[in-house]
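Asker: Chain by chain, the residues run as shown.
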Amino acid sequence: MNESLWYVSRATGVASIALLTAVVVLGALVSGRRRPHGEQATVVMAVHRWLSLGMVAFLLVHIATAIVETYVSIDLVSALVPFTSGYETLWVGLGTLAVDVLVAVLATSWWRHRLPERAWRVVHYSAYLLWPMALVHGLVLGTANEMPLLATTILCGVVGVGAILWRLLALPHHDRARRDAVLEQEWT
Amino acid sequence: MSTVPDRRATRELRVDRIACTGHGICATVLEGRFRLDEHGYPVVDRPRVPREAGDTAIRFCPARALYWADRP
Amino acid sequence: MTVDTPEDLVGLLDAAGLTGRGGAAFSTAAKVRAAHGNGAHLVVNACDGEIGAVKDGYVVEHHLDELVHGARLVSGGGRRRRQVRFAAHRGSLTAHALGRAGLDVLEVPDRYVSSEETSLISLANGGLARPMTKRRPFVMGGTDQAGRRVPATVVLNAETVWRIAQVVERGPAWFRSFGTAREPGPRLVALTGAVARPGVLDTEAGVPMGDLLDAARPDPGWEHVVVGGLGGVLLTADDARSTTWSTAALARHGGAVGPGVIDVLDPSRCPLDVVTSFLTYAAGETAGQCGPCMFGVPSVAEAWRRLVETPSTRELEAVRAAAGLLPNRGACRFPDGVGRFAASALEVLHPHLAAHASGPCPTERSGHRVHRA
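Chains as they are written, first to last, in our numbering: chain C, 1 to 188; chain P, 1 to 72; chain R, 1 to 373.
Here chain C stands alone, though its shape is the one from the complex (with noise of 0.2 Å):
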């Protein structure tokens, strides 16, 4: 049983960390010259939202399961406060850091509305920092002998830098490069 609950939390560790990859990779195709319009933003958007709801459900069973089964010691505390678990503390906590950060990604863009925009904006991009923790988490606990999972992550990986290198490489859309010329002109 224990067993089981183990290989559950490692499989739903790698579905949630794909998830978030592809969260990750369609929050990033919103920018630049070449990000969708029209139709396909629409369907971009709508599957960004959805995926990031169901890596949600994933990532809850991914921790349940870690914490009821009993073979490593990781409490409901760990879970929340990173770097307190027994258990490869520097590594587990490097995931409840990325869980913390992903709580207030999902309530910042809950609430957004009701929120500053910058600082929506602010919470939002440092999912570019929650995505890397969560992987190097991932890799470094959950896939030592196992090859899909393993591959599956690694292959996480690099889409996710791909998508990171786009985003930091893309020219700009039309849209930024005009109002960033005018307003090179005098302002004030």
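None of these hints come from the bench; they were simulated from the model. Treat each hint with caution, since some may be false.
[As the list claims (entries may be wrong)] Simulated pairs of lysine to any residue, SDA-like, Cα-Cα distance not exceeding 20 Å:
id, chain 1, residue 1, chain 2, residue 2
1, R, Lys134, C, Val68
2, R, Lys134, C, Tyr87
3, R, Lys134, P, Glu38
4, R, Lys134, P, His39
5, R, Lys134, R, Pro151
6, R, Lys134, R, Ala34
[Claimed, not checked] From the derived model, a few chain P residues whose C-beta atoms are all more than 10 Å from chain C:
id, residue
7, Arg11
8, Glu12
9, Val43
10, Pro47
11, Ile58
Heads up, the beta-carbon is just placed ideally off N, CA and C, and yes, glycines get one too.
Following the hints, position chains P and R against chain C.
Answerer: What follows is chains P and R alone, placed relative to chain C:
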């Protein structure tokens, strides 16, 4: 596709034109009421939109550029 | 006339029917009432932002005491101390005169949209002199584009504030003895361009435009006039001579009294070139904040240039379509004005365009030495 008659919608949906960066999601969600010009920015043909579709458009807009007018 | 309370002032302005003299013609009583109710700071707009405008500077030069008195009437009363600033373009004679008088001057960059109401409020609040989205009137306070709080601020045109002092001094009946029932009161108009006597006239709605033009002595052979600058409309000489100076009459030509500028076009210059200059200028003056404006206004200018180069129905429709996509699609009324101006040019200069299509420019043919900008 909503077929709710307009008279049940009590408020107008507005575009914050400075916030709008032309993603165009509103024109898909509000098809028949919003459309896009050649540069990708919304043209509001019919500002009174059904509440549900309007709320969806507001939530989905990446630029947070849509809002309900204060008064009907 | 005594004004013991803010309500007294609003009552007088209401009875007089004074409306804004900056172009939007909103009820001044309503604005002052809201300003008092919200403890709003006051910005007096003396920028003469429209092309050819000089009447704000005229008020500062000739009626400064009354202007300052009017500003005090608007901003006085109430418990909170309300700021009064006088906005003028940096380096202008008006700014210089205001500074010399020891007034709090808001120096505005020399950009077309910078003298717009919300641009001034933004600038006064420490931001850039560019328009802001107005979810509610800023007389109630609001937020800027970055989400920072903007205190309650009201902007009134310099002439309007001067007229406020006049209404209080001489009474609403005096004010209403000028103008028409729907457009009461004396109003300034600037005559400029190809005229021997440019300047400001203190006139009123209902006066024949021909009288105003005659007073300015336009160059012989003049054919077109621009009423309201870049945000206004063109009129042929015939239409101008047979039109009354009032928004009711000018509405038939798509225009309005607006900020009070009548610009007679140089008859030795092809009017198509003049419009090209106006639209090219407009394309460079977008605040770069709203897609339909920052792309749409240059589109209109470009379409117009192509039309002038090769006049055809297709190019004409292209200009019409581009101009039609401007109204109501920006945070401010700048694109609306450009759309109105371009549509008016298409209509009024249609014969001239047709002539270009089938022969030499009529301005050349009329014997004038054509001056190409």
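Asker: Could you check the structure against the hints above and give me the numbers of any it violates, in ascending order?
Answerer: 1, 2, 3, 4 and 11
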